Amino acid sequence: MAEVMLRALVRRKLYRHPAGARVVLEGIDLVLGPKEIVALVGPSGCGKTTLLRIIAGLDRDFEGELAWRGGAPPRIGVVFQEPRLLPWRTVRRNLTLVLPTDEAGEADRLLHALGLWHVREMFPTELSLGMARRVAIARAFSIAPALLLLDEPFVSLDAASAETSRALLLTAWRQRPTAAILVTHDLTEAAMLADRILVLSTGPARIGREINVPKEIRRAGAARAEAFAANLRGGELLLPSRSSI
Amino acid sequence: MTRRIGWRPSAARILSVVAFLLLWELAGWIAQSRLLPPASAVLVAIARDCASGVLPYNLAITLARVAVAFVVSMLLGSALGLAMGVWRGLDLALDSWVTVLLNMPALVVIVLMYVWFGMNEATAVGAVVLNKLPSTAVTIREGARALDRGLLEMARSFRMRRWPTIRHVVLPQLYPYLFAASRSGLAIIWKIVLVVELLGRSNGVGFRIQLYFQMFDVTEILAYTVAFLAVVQGLEWVALQPLERRASRWRR
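Residue numbers (the numbering used here), protein chains in the order written: chain A, 167 to 411; chain B, 5 to 256.
Just so you know, the hints here were simulated from the structure itself, not pulled from any lab data.
Possibly wrong hints are sitting among the right ones.
[Claimed, not checked] Chain B residues, not near chain A, derived (Cβ > 10 Å throughout):
#: 1; residue: 28
#: 2; residue: 55
#: 3; residue: 57
#: 4; residue: 92
#: 5; residue: 118
#: 6; residue: 121
#: 7; residue: 126
#: 8; residue: 168
#: 9; residue: 173
#: 10; residue: 191
#: 11; residue: 215
#: 12; residue: 220
#: 13; residue: 221
[To be verified] Just a sample of chain A residues kept apart from chain B, beta carbon distances all over 12 Å, derived:
#: 14; residue: 175
#: 15; residue: 270
#: 16; residue: 292
[As the list claims (entries may be wrong)] If you want a taste of the chain B side facing chain A, the calculated C-beta under 7 Å gives, among others:
#: 17; residue: 154
#: 18; residue: 158
#: 19; residue: 162
Note that the coordinates shown come from a computational prediction; the quantities given were computed from them, not determined experimentally.
Beta carbons: idealized from backbone N, C-alpha and C, even for Gly.
So that you can see chain A by itself, here it is in the shape it has in the complex (with noise of 0.2 Å):
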């Protein structure tokens, strides 16, 4: 990789708690470029969501550092694991609340491409779950990130909608190409989506192994990503063998 956008590295987070602390990452050195995906995969609750939340500066309390190109943090698009819209606004308006600027053409473009314009005048609270995921992906996109981090952004859809979603999510990205880092669980989905996996191990997280995706089966639909999946899977890798497909 030439060109590198972040650098992450994680010494030591704590998860502190009444009880005591406890160790969730350990050792943790990430490297994205900038129009590189990267797919963190492991098993709930192994300290991926902390990772990313470190990466978009919502948690300040480890002991590493973030080195980022260009000094200062980029512009960051969030895809939490809840949409987290705002209920009361509009799908349209939580769009563009967020913009930097006040220009909606933007936010009305991804509003087409990612196939909600006809609700863009609904209510969050009147969207199924898989649509208002939706929502929150056109909203980290509309304000033109530099690094877009997504957090298990298709979990429990079903079958279909993840996959009209990842499609969506694809046709967005390759609109307009950005870093990013994907969380999942399901290593299918991530063969799908990244240029690279990064499998995190357990108790306390690191990296425990690293999986470059060859260019003919990123991003070539799901058969061949399954087939892929199937076979790290068969290996010496022990992930839970959930399938999204």
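Given chain A, put chain B in place with the hints provided.
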């Protein structure tokens, strides 16, 4: 409910008011006593006092006091409640004082303030504010404690500025609490304003009621009461309820 019966809500409301007035009229005619005048006598008294200008004048003065006390106590009480909900240290420091003030009889506050600061307009309104402030603070504090951290975090990660965050993320979550505080606030404030007027002012509805009490003129007492209630109810219908409906439009 109302929809199933096929009635418009306003029709049910009007009908219940008319039924009450008829019942009152009937009771008045049966009693034939100056201690229970019929509704028609009270309405005539209202019309007469309106024509002479005495009722509108005193009503306006009382309403002005209610308005000032309401605005000041809502602003101060909300600020205090929000601060207490957000900063735990402040909450611990002030919590017992808020409870003390909450349980202090309104009459004691009014009398002491008149004694210490003199019988003037500022003291009168100040005494009302001090009576209402703690309950507003307690209500808004609950709202502040219930703020959704996930949404605040979202606003932070998208670098929303302070004012848009307050306006679009924080305030909508506080609306139900603000409406609850406003509604109970109006009810408490107008009762206390009347006591304040009765004890230390020479105008306003409270003062007039004191006057008519000394003359045992129940008709006039009821005339002022009904006029005031009508105004307060009108406020509820034309201002509070539509505002609340607008603010909770997004709820399914």
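To see whether the hints hold, each was checked on the structure:
no.	hint	result
1	28	holds, 43 Å
2	55	holds, 47 Å
3	57	holds, 45 Å
4	92	holds, 16 Å
5	118	holds, 44 Å
6	121	holds, 43 Å
7	126	holds, 38 Å
8	168	violated, 7 Å
9	173	violated, 6 Å
10	191	holds, 27 Å
11	215	holds, 49 Å
12	220	holds, 53 Å
13	221	holds, 51 Å
14	175	holds, 21 Å
15	270	holds, 15 Å
16	292	violated, 7 Å
17	154	holds, 5 Å
18	158	holds, 4 Å
19	162	holds, 4 Å
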